[in-house]
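2 protein chains.
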Amino acid sequence: MIKRETNVDEILKEIREIINQMIPKEAKITEVEFEGPELVIYVKNPEVVMQDGELIKNLAKVLKKRISVRPDPDVLLPPEKAEELIKQIVPPEAEITNISFDPSVGEVIIEAKKPGLVIGKNGETLRKIAQKVYWAPKVVRTPPIQSQTIYSIRSILQSESKDRRKFLRQVGRNIYRKPELKSDWIRITGLGGFREVGRSALLLQTNESFVLVDFGVNVAALNDPKKGFPHFDAPEFTYVLKEGLLDAIIITHAHLDHSGLLPYLFRYNLFDGPIYTTPPTRDLMVLLQKDFIEIQQSSGLDPLYRPRDIKEVVKHTITLDYGEVRDISPDLRLTLHNAGHILGSSIVHLHIGNGLHNVAVTGDFKFIPTRLFEPANAKFPRLETLVMESTYGGSKDYQMPRDEAEKRLIEVILHTIKRKGKVLIPAMAVGRAQEIMIALEEYARVGGLDVPIYLDGMIWEATAIHTAYPEYLSKNLRNQIFHEGYNPFLNEIFKPVANANERKDIIESEEPAIIIASSGMLVGGPSVEYFKHLAPDPRNSLIFVSYQAEGTLGRQVQRGLREIPMVGEGGKTEVIQVNMEIHTIDGFSGHADRRELMSYVARVKPRPERVITVHGEPQKCLDLASSIHKKFGISTRAPNNLDAIRLK
Amino acid sequence: MIKRETNVDEILKEIREIINQMIPKEAKITEVEFEGPELVIYVKNPEVVMQDGELIKNLAKVLKKRISVRPDPDVLLPPEKAEELIKQIVPPEAEITNISFDPSVGEVIIEAKKPGLVIGKNGETLRKIAQKVYWAPKVVRTPPIQSQTIYSIRSILQSESKDRRKFLRQVGRNIYRKPELKSDWIRITGLGGFREVGRSALLLQTNESFVLVDFGVNVAALNDPKKGFPHFDAPEFTYVLKEGLLDAIIITHAHLDHSGLLPYLFRYNLFDGPIYTTPPTRDLMVLLQKDFIEIQQSSGLDPLYRPRDIKEVVKHTITLDYGEVRDISPDLRLTLHNAGHILGSSIVHLHIGNGLHNVAVTGDFKFIPTRLFEPANAKFPRLETLVMESTYGGSKDYQMPRDEAEKRLIEVILHTIKRKGKVLIPAMAVGRAQEIMIALEEYARVGGLDVPIYLDGMIWEATAIHTAYPEYLSKNLRNQIFHEGYNPFLNEIFKPVANANERKDIIESEEPAIIIASSGMLVGGPSVEYFKHLAPDPRNSLIFVSYQAEGTLGRQVQRGLREIPMVGEGGKTEVIQVNMEIHTIDGFSGHADRRELMSYVARVKPRPERVITVHGEPQKCLDLASSIHKKFGISTRAPNNLDAIRLK
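From first to last, the protein sequence lines stand for chains A and B. Residues 1 to 648 (the UniProt record's numbering) are what the first sequence spells out, left to right. Residues 1 to 648 (the UniProt record's numbering) are what the second sequence spells out, left to right.
Honestly, I wouldn't trust all of these hints.
Note that identical chains are pooled: a pair holds if it fits in a single copy or bridges any two copies.
[Said to hold, decoys possible] Derived lysine to aspartate or glutamate pairs resembling EDC-like cross-links, with alpha carbons at most 16 Å apart:
| no. | residue 1 | residue 2 |
| --- | --- | --- |
| 1 | Lys182 | Asp224 |
| 2 | Lys64 | Glu33 |
| 3 | Lys648 | Asp233 |
| 4 | Lys315 | Asp224 |
| 5 | Lys396 | Asp643 |
Bear in mind the hints are in silico, worked out from the structure with no lab data behind them. Since this is a predicted model, take the numbers as computed values, not measurements.
Chain A with its partners taken away, still in its complex shape (with noise of 0.2 Å):
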């Protein structure tokens, strides 16, 4: 829990003084208050203010804040009446299919389909509603797939508007505190991911701040918590929690192994300030933690934590899209830069005490073009020390070329077609999925494949959640999506299973068919069931697309075993024949392999300092870390958990 004593008052007081001089007496200000990264000025006549356009700007300059302007809470009609009047201002060509409002920024979010009709013609359409309803419109395309995840975040952040303006407000102080001392010295611990693969949590340190990057949970380990859990241990990290001190928490992307143990934080009341993400990447991890707890519900475990958890992660999240710059502490400046590994994924990039030092954690990325997204971003404003992960950092991980790889899964597909067996690829719900479906989509459509491609366990949800975020796509799809009006998600053979009946029924089918089923390794989830079930068939075929970690069900397979002892329905273990081919086609990897990963050294601008290997296993990072130092003369370290590094 947030326990600084942060005594903005006073540097409030002087701002109040600043901004009451430089604008006009008649925008009416009502309040300026620091709320998460922004200082907001509520006014009753927003339009006097707009009307300057350099106005905010140069108050930007002079405040060296990042300043949004509101309308007054009692000036904005109630959203009844501010719905009617929209419906009436917008032509009816524009198709609305949903207002929701969000109290707690003043803003009003209008899905509809044809967005350009809901702006008009150099904004005045917008122009006209911001001046009849006050609410500030924010024009959205409805996204030809719902999502219940989306739906039921926007309606979580509107009901609980109060508490979360409370809650920014609370942020904003503790962002805009008066440092205690001036920027002295920088560190990371390994809380965990260094030298393996799974809890990816990093604390990072400075004599006056402290956040986390990443707060993962090892879901092939949770039996014991000392290897499933980051390290609680570590007597920083239970300082910084004990004592409140930790000013924010990072997420560079939804899979578990980076998100995963968020909402236990909150479950244990552990912390209670802001988490910083893309939109993306908060409603992915909301539906992968969601999914987790129900796993391990429909597995007889007690769930690590709860769904009222999981709304405390919304809550307490407040989104960046690439690009913007904020202040998150005294002396850290956040920016989030694309990934290319899933949708939202991000390379954290910290600019410290005013230029003292600047880091960028990758997360998990990609540096060659997908299907879905655009190589990881390699230019930054500074760059000293470049955190990167190492999964395929050994000096034989090579991937298959992604075009090759797409033809080598065909293959298989079409012989396991040919003797009338079933392919399962079990994949992450969210990335490996995607990628996999607009391949056979791709050929499906110019190809003539014509078998039904199943997509179970939250696959489809999360393929909904991609097409609310074009913009976070590679240009490719956004093109075909927008300009040439086709959704390759939306193709027909695509067939979500709603349920267990629906899933008997695949199974017990005769015909030939395709299932992407989460888990990617095993663990659970779906994709566990269809291999009971289909594995003793020598027709059928498994084939593996992502990376296996150590100890899950999918390595032992994939390294060869061929006889599992397995919980059956009755409760009872049997002994699982697995006579069905299994394949590994690693080409689809959302992880930049060995070439990419030296090749984005070579390429990263400006060239940094420091190399820190993590997110591997011990081998793969320490491969990775000694030849970047052979071949860039680069300073490098594989650190381990619990290991700290100074950086400055």
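Dock chain B against chain A, hints included.
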């Protein structure tokens, strides 16, 4: 402050049952308690237990604890009565000079000029004393020079014995608490003295325990606590202090850069646990700490701590002789070994987690025989990580051979005397001063040197402490003292300077003289006074015989600064012209030079898996680490302050 819940009552209950079974009833056990790192059994009839020589050994084996049997306080004779009886029993030829009592351990300390006669044939006299007075007799040779420090320490321990026993019991209960978890990880954090000299402090952490090795102050950087003090702002250290989790502090040796901030912890109630060190280190550090605050006071500064805080250091110190093995927490076992640097200096060996890992921290050490000490111990039962000093770790840091250094010293002295000049040798009161004394004493005795050698600034008192611990001196010196009956420290050529008047007389006298005065780096103390007055006269000589740290006046003069602004008697700044000859003779150093450092790594048994270089300028630590890695293929590190290194 120690705040752990120790719940040892259960453990003690079990132990008492076992003891009751093994010790005969007639011994009349009155109490069984942990006191410091021992289990103490109080009995009304100690003889009963003592009769069976194997009994305590067997008990120790069964209980896996160090065991002391003590007379119940009720049976102890009153001190006056006991003293009377002892004087009756011991023959007058023994020449008892002092008898003091330490009620906290039921000990009577008998000082005699002929200790052998107090012990008697086969310990007969001693046994007789024990039988009559019940106090456990400890016989000590009467030091030939009276040390005020030693007497005041003894009197503190005697007068505070009630508090002391309470303290020892608290410590014992902490040491033998039930560990919360199995030993799992071990790491060290550099709080000070990493890649620098000064403010040495290393925090060793396991998932069960926390100990500090050394807690020094950088006397050359006192104006900036951020550089002068160890890193109180290291989050794990803040945590450990705040939560009262620091199990112990171990002090390698008395120099202020290793022990100088200890009393500060007591001044601010940050610690009330045990300090482990050798008896001479305890005495010498108390002397140096007192000197330190007196110098601060006389310079018009507010001293960092008060005399009563130094008293707390005494009350909290538990002394160990070299080779004594003691549990200091549930998963840490400590042994101190000779380091050859100064009187009582130790290499700290920690056996961690019942064999999980073994660390040795050299502190400052010397690996060739000197006039005063044997070379550092290089043999350990087990050793995986070696943390070693690097003061002379640079590739060119070879010192002059000792005999050559002595020759040069004599040369400079003779030249100076010839031209009627004075020789000023700034030296730390502890260490170099005595080494130079012994060298000059031999030359005076054998070679005919006949100018007075003045000892100023605690040097005489430090010498007194040396004479009180002959068993900590080199074999040669011990032989000279015990068997040849000649103590070189007592040569009449040495003249302690008692006060400022005497000092003035020496300075103003026209006669040549040798002056050995502290501090060794010209940071306060009488050496600075002498320097001010002797510097302008070209007949005089200044000889540096020890390391001059960055930031000290000594370093500046050594580097060639010849005009020095200094505050004169009236408080005005005057510029001192340095016309005296400036010499540096490095062969007297108490630090291993580059050759010794490398040879230590070559010879230390067993060969460590990892060497961590500390306590040296950055380039020296790095150079030494890289040379050790190249030559021995051992993994090395030269960490920064605030780096934390996982050992296991």
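Hints, verified against the model:
For the identical chains of this complex, Lys182 and Asp224 are inter-copy neighbours only, at 13 Å across copies versus 41 Å inside a copy, given an alpha-carbon limit of 16 Å. In this homomeric assembly, Lys64 and Glu33 come within 16 Å of each other (Cα to Cα) only inside a single copy, at 15 Å, whereas the closest approach across copies is 64 Å. Within a single copy, Lys648 and Asp233 get their C-alpha atoms only as close as 25 Å, which misses the 16 Å cut-off; across copies the closest is 15 Å, which meets it. Proximity of Lys315 and Asp224 under a CA criterion of 16 Å is satisfied in neither setting, with 30 Å inside one chain copy and 43 Å between copies.
In the homo-oligomer, the alpha carbons of Lys396 and Asp643 never lie at most 16 Å apart, since the shortest distance is 27 Å inside one protomer and 32 Å across protomers.
Violated hints, in rising order: 4 and 5; the structure is consistent with all others.
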